[in-house]
Each structure stands twice: as structure tokens, then as C-alpha cells.
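Enquirer: Construct all of the structure, not just a fragment, from the sequences and the given hints.
Numbering (this note's numbering), first residue to last: 629 to 796.
In short, the hints are calculated from the structure, not lab data.
Every residue gets a Cβ at the ideal spot worked out from N, C-alpha and C, and that includes glycine.
Careful: at least some of the hints might be erroneous.
[To be verified] Now the in silico label distances, taken between C-beta atoms and shown as ranges:
1. Met763 - Ala643: 21 to 27 Å
2. Ala705 - Arg655: 46 to 52 Å
3. Asp751 - Asp721: 56 to 62 Å
4. Asp657 - Pro796: 29 to 35 Å
5. Ala792 - Gln698: 15 to 21 Å
6. Asp657 - Ala778: 51 to 57 Å
7. Trp704 - Gly764: 15 to 21 Å
8. Gly757 - Pro796: 21 to 27 Å
9. Leu653 - Thr712: 37 to 43 Å
10. Thr750 - Ala668: 35 to 41 Å
11. Asp775 - His715: 27 to 33 Å
12. Glu779 - Thr672: 22 to 28 Å
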Amino acid sequence: MNGVSDRLLSNLNPAQRCSAIFSALCREDSTEAHRLADTAPTGTYVAADFYNPFTRAMLVAALARGDIEQATASEWANRCFWATRLHVAGRNDETLDAFWSAAQYHRTRAGSLWASYAQVVTDAGLDPGEVMRSMGGLSKLAQESVDASAEAEPCPDALALYAAMLSP
629 MNGVSDRLLS NLNPAQRCSA IFSALCREDS TEAHRLADTA PTGTYVAADF YNPFTRAMLV
689 AALARGDIEQ ATASEWANRC FWATRLHVAG RNDETLDAFW SAAQYHRTRA GSLWASYAQV
749 VTDAGLDPGE VMRSMGGLSK LAQESVDASA EAEPCPDALA LYAAMLSP
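Expert: If you want it as C-alpha cells, here you go:
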């Protein structure tokens, strides 16, 4: 005989049923987990059945944040090398231009990564700043690098990666 709980469970969509099974497993109730799995309606489930755009956007934001912070760290490492060489060897050191160019490259890369992230998240109908803040936001130095290179073009590789991660 079907009880009230059985009738309620029969109305679950695939994501809800999966959540109920994991909840039962977390309680170490394997009997309930097997019952839920065995009584699931037969069908072909696809990834889109479990797709949550905001969760995906947060994961993309986490990846973009890591990429941007790494570019910013490289920028400031090159600036520190530049300052050290300037102090040690003076203005006539031939490596000064190389360190300064590398720092500028990484600053532009940070802006390019932000542009890629912002384009993908905006195309998904979300606010890139809001999603990034939900993940803790960028560091002060990274935000300064992004703001200073606002005219940077989106990086094609990052654009493709972020778009693939955000798609269902």
C-alpha cells in the first residue's frame, strides 16, 4: 500500500530524487537509499536535469578568480624584480625593460581574463560583479589590475573554457 511519503516521493524530479538519495546515504540509511533508487521512474536523464546556472556561474567565477589572481601575482612579482634591479644596477640595467614589459603583459592578461569572464556570465543573464562577490571577490591588487586594463580584449582560450563550463 502506498503511503503519503511514497506519493510525495513519486513527484520528485531527477535532481530532487538524487538529493533525497544522497541525504539517505549521509544518514547511513542504505535501505531508504536503495528504495528511492529502485522506485525511480525509468527514463533517460541528461546533465541538464541537474543544471543550476547560478551554481555553474559561481564555479566559473572561482576559476576566473584564480586565473586573475595568478596573473596579478605574476605582475607584481615582475614589478618587484624591476624595483630590485633598479636599486642594484641602476637605470642602465638592460633587464629593466624586460621586467616592466612582463609586468604590463600580466596586467593586461588580468584584464583580458576579467573581460572573458564578464562576457560569458553576462551572456548567461547574470551580473558578473555580483557572482564574483558571492565567491569572495577579487583582492585589492587584482581589482586594481582589472580596472587599469579595462580596455583589454577577452582572451579566446579563457572565453571558450568559461563558456564550456557554464553551458548545461
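Enquirer: May I ask which of the numbered hints given earlier this structure violates, with the numbers listed in increasing order?
Expert: 3, 9 and 12
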